[in-house]
Amino acid sequence: MKIAILRTSLGSCPASNLAELKSLLAQVEACVDIVLLPGECLSAGSAPPEPRLSAAFVEHCRAFAAERRCWLAGGALKAGESGETLRSTWLIDRAGTIVERWDAPVGAEVRGGVHFPVIATDFGKIGVLSDPDIWIWEASRLLSLKGAELILAPGILNDRNRDQKLSALWGMATLNCVGFAFAAAASDAPRHHGCATLILPHAVVRQEVGDAPMLMCEEIPAEHLATMRDADLSFRNTFWFGLWSRRRHLYRPLVAETKNA
Amino acid sequence: MRVAAIQTQWQEKPEDNLSNVLKAVDEACARAPRDFVILPEFFLGPAWYMPGQADLRGVTDTEIPGPAIEGLTELARRHKCHIICGSVVERQDGSKFGNTSVLVGPDGVEIGQTGKVHPFANETVVFRPVDQIRTFDTAFGKIAIAICSDFWIPETIRILALEGAHTIFVPGGSLRQNLSVMINAFLATAWLNSVNIVYCCPVGKITGIRGNQMITVEFAGTSLIVTPDGLVAEGPADRECVLEADLSTERPLALRRPNDQDDGWISLGARRPAAYGGILDEYVGLNRDLAVEIAERMRQTRPQSATPSR
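Those sequence lines, one after another, are chains A and B.
Under my numbering, the residue at position 14 of the first sequence is numbered 14, and the numbers go up by one with no gaps.
Under my numbering, the residue at position 16 of the second sequence is numbered 1016, and the numbers go up by one with no gaps.
Think of the hints as simulated: they come from the structure by calculation, not from any bench.
A portion of the hints provided could be inaccurate.
Claimed, not checked - A few chain A residues that don't get close to chain B, going by computed Cβ distances all over 10 angstroms:
| # | residue |
| --- | --- |
| 1 | L25 |
| 2 | C31 |
| 3 | A47 |
| 4 | R62 |
| 5 | R68 |
| 6 | G80 |
| 7 | G113 |
| 8 | G147 |
| 9 | A168 |
| 10 | G242 |
| 11 | S245 |
| 12 | E257 |
As the list claims (entries may be wrong) - Which bits of chain A does chain B cover? Going by a derived footprint, with three or more residues having C-beta under 8 angstroms, they are:
| # | segment |
| --- | --- |
| 13 | 127–139 |
| 14 | 156–162 |
| 15 | 173–182 |
| 16 | 225–237 |
What the hints assert, rightly or not - Below, a sample of chain A positions facing chain B; criterion: calculated Cβ distance under 8 angstroms:
| # | residue |
| --- | --- |
| 17 | W170 |
| 18 | R191 |
| 19 | L243 |
C-beta: ideal position from N, C-alpha, C; glycine also.
The task is simple: from the sequences and hints, build the whole structure.
As structure tokens, then:
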């Protein structure tokens, strides 16, 4: 299964950002199965682009996915009906159809638990996460328990806890026995880091953090993740243990409202 | 909170493990004042149910109370420190065993016990797992103990953090494969849950038959002390050592409060428990009875191949 992850760089003009993104997308090779874009593709921080530009961006993504017969996940800021800023995330299938789409609020009142889709594809089940659920362990756990072998995370990587966040992505991949693909766009104001990374439970396959736009293309061998998630009683591979050996009747505190820290 | 993780090496004669451990604790506490000392899982030696170790039944397991805990209790009282008595293979009623850790207070009085909740490998057959994920109240606030494989079920650490523990002690055993993965998993867990973690492991090696294969399992030390801010100390893979740190009991809790300097609060503070009901469901890929398969493998005592494999 081939995946292309785009690390982009955002300037102050959303239209220019869209043009650069299109140029980078055009470089994606023909036989890619998944394309992952950052979680803020047109603008950063709390400044949504004009609705017409946002619509044109989504249409371009749909046409690209249909033409290349690939899955595509990404996101962008948008203005809500009440003028609030939302982060919109979507997943498009090989026919160019938007199969999942949701909006999450941005800002100080951010809360997770918005949406955790698991989608069956011709190469296995995938999950999609957006900010802040990328950094809340329960989200990736749920996706993995529901069968997702690879999680697509169109996200952002701000200037706080950068190294800990990158470490956390690998840690969640390990503990949940799931692949993780993460993409983020660089920007100066606010300061965000660009990132393209593909992680498997046992290793970071490749990680590129930087400000220049770049395209990462990697391949995950067929059945690799499915094999890793199967119980291996020789214990040469132990990554499956966290999925197979749970005692769920003890986990009720995780769903109790009063237990939030 | 001054902590010491005492990484010990299994002695050639298993009967010598206890005296070795008691000496190590005594010396570490005499060198500097400690508030908490932790010993490894299986500090008395390999468990009898590990491949090739059947002769150790009655040697490296113990009743509680027993000589091991009594010796450590005396040291706790003498040095006025808490001791997390690693864990030991506990002989319980009937034919069952437990993987049990005892927390002794600085007055030499037991604060409480806990045991492994999620049995690993042959433990699935011979163990009585504990049915509680709990914290302990101490003079330094809430702490917790999670034994080895319980760490690798991330629900455990999450629940302990939500219950208010700022520091989680993990007596464990590091397997030689995947050490870098393990270290990163501890760092990630500490940050995602805003907890300190003190992880203590033995150094040793066993050889025996698992299934129909002769195997060697290396317990490769690599004890760790990590905080939400990163790695504080790491032990070697091949020898004894004492890891030391002065951990803040306040910082993990402070990091859980929303702020604009550190995003660590998000993982706990932005949770929406009403959305997590699926965590109480089974993993969709479960399609085998592992306890039955493991029991069958334990009955296989002859190797098919003369070539050792890991």
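Outcome of the hint check:
1. L25: holds (30 angstroms)
2. C31: A/C31 clear of chain B: closest Cβ-Cβ about 28 angstroms, beyond 10 angstroms.
3. A47: holds (18 angstroms)
4. R62: Consistent with the label, A/R62 stays out of reach of chain B, its closest Cβ about 28 angstroms off (over 10 angstroms).
5. R68: holds (30 angstroms)
6. G80: holds (19 angstroms)
7. G113: violated (3 angstroms)
8. G147: violated (5 angstroms)
9. A168: violated (5 angstroms)
10. G242: violated (5 angstroms)
11. S245: violated (5 angstroms)
12. E257: violated (5 angstroms)
13. 127–139: Since 5 is at least three, the answer is holds.
14. 156–162: holds (count 3)
15. 173–182: holds (count 3)
16. 225–237: n = 7 at 8 angstroms, threshold three: holds.
17. W170: At 5 angstroms from the nearest chain B Cβ, A/W170 passes the 8 angstroms test, so the hint holds.
18. R191: violated (13 angstroms)
19. L243: holds (4 angstroms)
Violated hints for the displayed structure, listed by number in ascending order: 7, 8, 9, 10, 11, 12 and 18.
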